[in-house]
Each structure stands twice: as C-alpha cells, then as structure tokens.
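Engineer: So the chains spell out like this:
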Amino acid sequence: MSRAEAVRGASPLWTLGLLRSELITTFRRRRTLALLGVLAAVPVLVGVAVRIETGDGTSAGGGGGGPAFLSQIINNGLFLVFTALAATLPFFLPMAVGVVAGDAVAGEANAGTLRYLLVAPAGRSRLLLTKYAAVMAFCLVATLVVAVSALVTGALLFPLGDLTTISGTRISFSEGLARALLIALVVAVSLIGVAALGLFVSTLTDSGIAAMATTVGLLITVQILDQIPQLHALHPYLFSHHWLSFADLMREPVYWDDLTKNLGLQALYAAVFGSAAWARFTAKDITA
Amino acid sequence: MAPYESENTTTAGEADEPRTRRRRAARYAVPVTVMGVAAATIGLVPALADSGDPDLPEITAAQLIEKIAQSDVERLSGTVRITTDLGLPDLGGLESGLMSGARAQGGDDGSSADPSAKLAELASGTHTLRVAADGPDRQKVSLLENAAEYSLIHDGKDVWGYDSASNEVYHGTVDASGEDREQRPPATPKDFAEEALKSVDDTTSVTVDGTAQVAGRDAYKLVVKPRQSGSTVGAISIAVDHETGMPLKFTLTPSSGGAAVVDVGFTKVSFDRPAASTFEFTPPKGAEVTEDGDLDKGREHSGKPGKAPKSEADLAKGLDGLKMLGEGWNTVAVFDDGEAGGLPTGEAGGDLEGFLGSLGDRVEGEFGTGTVFGTRLVNALITEDGKVYVGAVTKDALVKAADAGK
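Note that the protein sequences, when read in sequence, are chains S and F. Under the numbering used here, the first residue of the first sequence is numbered 1, with each subsequent residue one higher. Under the numbering used here, the first residue of the second sequence is numbered 1, with each subsequent residue one higher.
It is worth saying that the hints were derived from the structure and are not from the lab. By construction, the Cβ of each residue, glycine as well, lies at the ideal position given by its N, Cα and C atoms. Some clues are possibly wrong.
Stated by the list, open to error - Coverage of chain S stretches by chain F, computed from C-beta distances (three or more under 8 angstroms per stretch; other residues unrestricted):
no. : stretch
1   : 69 to 77
2   : 166 to 176
3   : 270 to 277
Stated by the list, open to error - In the SDA-like style, the derived pairs of lysine to any residue whose C-alpha atoms are separated by at most 20 angstroms in a straight line are:
no. : chain 1 : residue 1 : chain 2 : residue 2
4   : F       : K268      : S       : P253
5   : S       : K261      : F       : M35
6   : F       : K225      : F       : A215
7   : S       : K261      : F       : S237
8   : F       : K198      : F       : S237
9   : S       : K261      : F       : T128
10  : F       : K268      : S       : V254
11  : S       : K284      : F       : V30
12  : F       : K285      : S       : H232
13  : S       : K261      : F       : A235
14  : S       : K284      : F       : T331
15  : S       : K284      : F       : T128
16  : F       : K400      : F       : T203
17  : S       : K261      : S       : H232
18  : S       : K261      : F       : K268
19  : S       : K261      : F       : H127
Please build the complete structure, drawing on both the sequences and the hints.
Structural biologist: The following block contains the structure:
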C-alpha cells in the first residue's frame, strides 16, 4: 500500500507523461490515421456531389431529403460543416471511436504489451483513466477533422456569408462560425458514451479485434433499436437517441431541452461504463 | 509480481483468495450504484419537482371566464407542446398523400412552405411549437422538426412561411394589420380555450377545479363539461394563468376515457418582449419563394387541426343540404347530397367498398342502414340513402339522432 501511496503522491507529471505517450501511440497508428483520412474524405465527397448535381443551376436536395441542412449548402458553404457532421455522426464517427476505444486495452493485451505497461508504477486506475482520456481526445480530433475538412471544402466550392438559422432569423458569418465550433464540440461530447462503452468492452477480452467488433456491433444494434417505433419507451435511454439534437444549436433562440438530455445521457453512459470498466480492469488477471 | 496485482491488493496470498474474490465483486457495486442513482433520479426528480398545487385565492367560474376574456397578453414567447390523438387509422404515407392530393385540388402549387400543408401535420402525434408575439402585428409560430423547423412569421403586412428542411419560402400579405388571428394556426392553448368557451351555454357545466402549476406559473383549472350524455367530449380542462388570465394549458379528454384527444400546453412561457430580430425575415439566398396573393384560400383550408374533416371536398359538396339536429354538445350536422347510395354498397363497389367498409361499422336503425366511421372525438354516419350525419357524439347518439331526424 505504501508504495502505491508514494507513487500517487508524486505523480501528476507522471500521469501527464503517460497521457502523452498514450496520445502519441494512438495518433501515430496507421489505423488511426486511416480512420481520420476516411472521415476527412466524407465532407469532400458530399461537397463535390452537391456541386456537381447543382452545377446546372437547379436547387439541391429538393423536398428536404438527405442529411440535415443539405439544401442550404449551395447558398452557404458553412452549412457543409453541419451537413457533414449530421452525415458522419450516426455511423462513421462512432465507428471510428469504437475501433479506437475497443482497441485501447484489449489491443495491448493482444499484442502482449499490457503487462509491460503495468510494470510501470502508474496503477491500473490511472492507466485506465489515461486510456479513456486518449479515446476522448480522439473523439474531439475526429470531429474537428470532419468539421475543418467540411469548412475548407465548403469555402472552396460554395459562397460564404451571412446565414439563415433554421428558425428563419439571420446571423453573421462570424457567429455562424462560432456556432459551428460549438456544434463540433457538442458532437465530440456526444461520442463519449460510445467511448466509455468501447473501453468497457475492451477490458472484457484479450482480443482487440473482438472488442472492436463488439463495440461496433453494439453501435449498430442500438441504432436499429432506435428506429423501431414499438420500442419508444426504451429510446430516451439509448446513447444515440439525442445525437442529432446538435442541430438545435442552429435554432434561434437555441432550443436546449434535447441538448441537455443528450449531454446528461452521455455523462450517464460515461459514469456507468467507465466505472464498470474500472471494476473489471482493476480486478482482472492480466495474463498477456 | 506487479502485473498480477491491482493497486489496492497488497497481499494476495493463497489464503486470501475468497476475500479477494469478494473484493473484486464489490467493485461492480460502483457501476450498479451509479445506475441505481440515475434511475432513482429519473424517477424521483419529476415527483419532487411537482411541489403540489399552488395556493391561490378562491375564484368563481364566472370570474375566471371573465378573466380569460379580459386577458390582453400581447407580448409573450414560449414553447408549446401539442399532442393530438384523434384515433384516426394510422395511414402513414397514405395520409400525407391524400393531404397533398387535397391541396392539389385547391389549386396550390405544392410548396412545402405553404401553411395549409404544414397544418395537416399537427393533426396527429406530438409536436413542439415555439410561439412568440409582440403586439397584434408581429407573431411567429415555429414547428420544431428534426434538425429543421417550419416557421410562420407575421411581421406587419407580410406573412412568411419558411421551411428550413427544403429551403422553401412562402410569402403572403394581409390587407389590414391586426386581422391576423385567422392566419395563424390555432396552436396556443389560448386559441383552443377561446374556441371551447364559445360553446358554453346551459348545456354545459363550468367549474373551477383547484389550481395547478403549468410552465412554472400558478394557474387556476377551469373544467368545462357537457351536461348531456351522448357527447364524445368527456371534459375540457383549461389551466388559466392567475396573473394574466391567459390559458396556459388545454386538455380535451373523451368520454370514452383514455388519453386526451387534444392536449396543448406551454412547457415554457415568458411575458417579456421577444427580441425584435425574431420577427425579421428575409428569404435566404437561393431559397425558392412562392408568392400567394390570396391567403383566403389558405384560410379556408386551414380549418381546425382538432376537427379537420378528412374529405373537405365531400363536405363542401354536402353543404347545400346542411341541417343541424339537437342542441348544445349533442348537435349533429346532417348533409344530404340527394344522391342515394352515398357509400357504394353494391358489388360494383369492389375493392374500394371493401376498404372503406373495413374502416367503418355497419349499423341499422329506423333510418335504414349505414356505415359509421369513428374517431375518438368525431363520429360520422353515412346512410345508404346518401345522408351524412356528423357530430362529436357517440355512435349510439348518432344513430338516435338519425332516427329522430327521419
């Protein structure tokens, strides 16, 4: 006990060092870079498609089909940010997070490096927290990659300027940009529930692939359950249910009800599955 | 040893094995507790927040109705939740198909920003609306949709409809400012309450039934009930703000019991002046603008979402032979289009007859035979000799009225 106490007392810097090495490992992985590349390609694809389709002057997304805000892109490139986030949030973003989170612990166990990590006097709780912090950093980076890629594509292909909120009022471009940033942050926070779930699954198995597959499988299952009207009593508790509420930030005045529900739900998932991951990981026999 | 021990186990000797296991199991108490606390919070907080009915000075029903009539709230903004459950068969896409068909008949061009098109959506399900008003000249109603919004903005002479999902704009003008009430769909509890109080006469009992809290404000509860039996209307409950006299919540429960047919209430309300920018609207660049010179047509079509007849064309045709039977709440309207066989009953009817027949019930009486089409609020009887009886009465009362009207 005394040794652990001593380590705990002397180690804020240690934790930072651990986090830094964890971040470097995560973001240097080819797999992570490939995921980010795919995410960056989505807005480009959407932007080019809208540009080509509307090249002859017809309006896009007639009738309001397709992802949210699609019909406004041609008039204001900033809307590509919202469309891209709305298009990637249901699947691409959480899938990428699921891959990274599922790999976090199980991947180390699979590669046989977990025991060496634990040789370092950091303690299991701290290692797990660091892993979770790294996964959350990935949530933020992934979302920002989508947003920035969409902003650049939108600026190149479409005009920019004042924009109309979905309530019909006008806001300046700079305020629109601020809201875009806020929306990106909300989207990133929307993913911490999946991240916690992935981390928990990751502590259950020693196979990185199995953990990733389970997390992504759960993600798809939850998305399907959310579509079944007969299960509406269950819907408010599914982590993906309020995801698209980020669009409420584009109302004037902002409609907070669903946004706060979403943030509360994500916090709940993070608390439940985070502590479950802790319970599992700190009590686990590390054999690999 | 280090990789094999967790930070809290100091001596994991052989002898401690059962204890260690118990300790390990105990860790799972943390996520379970978190979940339990969350569940308890979700369950208990609404109950605790409901701090009981507020204490307000006694008031008679007549005084309360007077208060509503004198209410002159001109500035407000708030969120309204409207739930309608008419018990219509859930036709899904078919229904909207019929609606758009009806609009095509009306000569509209089918812009999705047309107010009459959007009103149909309010007739079923739960919707969240935002309302804002600043005097008689400036109002706004927005229907909140997933990542989109439909706004109806009245600013002086202009009436704008903006559908953000399709980026389409509808523009109309009103001749004289102030006569916009009709333009606006009956969306707020006030609109519904005024409609309900119009029908108050000696067939109605009106009582004050305690107090309630609505949208964080203390309110009186006014209960309007039909005295006669046979009406499908069980009771109408109106929560009236004690300060401003404005109706905050309107609930219509059917006499058959079950969920409310119409439930409209503020979930948030403020009587401050809304920001001026709320009512300013310029069509966004590239938006498709539909000009509509005569809003009157739209007004004709708007009707009341709670009682919107499903086949307006048919009803309009029948208006020539319109008669009213009964009084008060049990009034039954009779349309006689003079053509026998209002509903095809022969073999010629084919599949259509089978389909329509499956939606209604066959009834017989002194008037002959006919088919009753029912919703939870309005029932209609179509007889074989081409008469249509419609009223907010039960099926039995409808048959009785038909017998009496014979």
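Engineer: Compare the structure with each hint and give your call.
Structural biologist: These are the hints, each one checked on the structure:
{"no.": "1", "hint": "69 to 77", "in the structure": "holds (count 6)"}
{"no.": "2", "hint": "166 to 176", "in the structure": "holds (count 5)"}
{"no.": "3", "hint": "270 to 277", "in the structure": "holds (count 5)"}
{"no.": "4", "hint": "K268(F) / P253(S)", "in the structure": "holds, 13 angstroms"}
{"no.": "5", "hint": "K261(S) / M35(F)", "in the structure": "holds, 16 angstroms"}
{"no.": "6", "hint": "K225(F) / A215(F)", "in the structure": "violated, 24 angstroms"}
{"no.": "7", "hint": "K261(S) / S237(F)", "in the structure": "violated, 30 angstroms"}
{"no.": "8", "hint": "K198(F) / S237(F)", "in the structure": "holds, 15 angstroms"}
{"no.": "9", "hint": "K261(S) / T128(F)", "in the structure": "holds, 16 angstroms"}
{"no.": "10", "hint": "K268(F) / V254(S)", "in the structure": "holds, 13 angstroms"}
{"no.": "11", "hint": "K284(S) / V30(F)", "in the structure": "holds, 16 angstroms"}
{"no.": "12", "hint": "K285(F) / H232(S)", "in the structure": "violated, 39 angstroms"}
{"no.": "13", "hint": "K261(S) / A235(F)", "in the structure": "violated, 34 angstroms"}
{"no.": "14", "hint": "K284(S) / T331(F)", "in the structure": "violated, 75 angstroms"}
{"no.": "15", "hint": "K284(S) / T128(F)", "in the structure": "violated, 48 angstroms"}
{"no.": "16", "hint": "K400(F) / T203(F)", "in the structure": "holds, 19 angstroms"}
{"no.": "17", "hint": "K261(S) / H232(S)", "in the structure": "holds, 16 angstroms"}
{"no.": "18", "hint": "K261(S) / K268(F)", "in the structure": "holds, 16 angstroms"}
{"no.": "19", "hint": "K261(S) / H127(F)", "in the structure": "holds, 17 angstroms"}
Comparing the model with each numbered hint stated earlier shows that hints 6, 7, 12, 13, 14, 15 do not hold.
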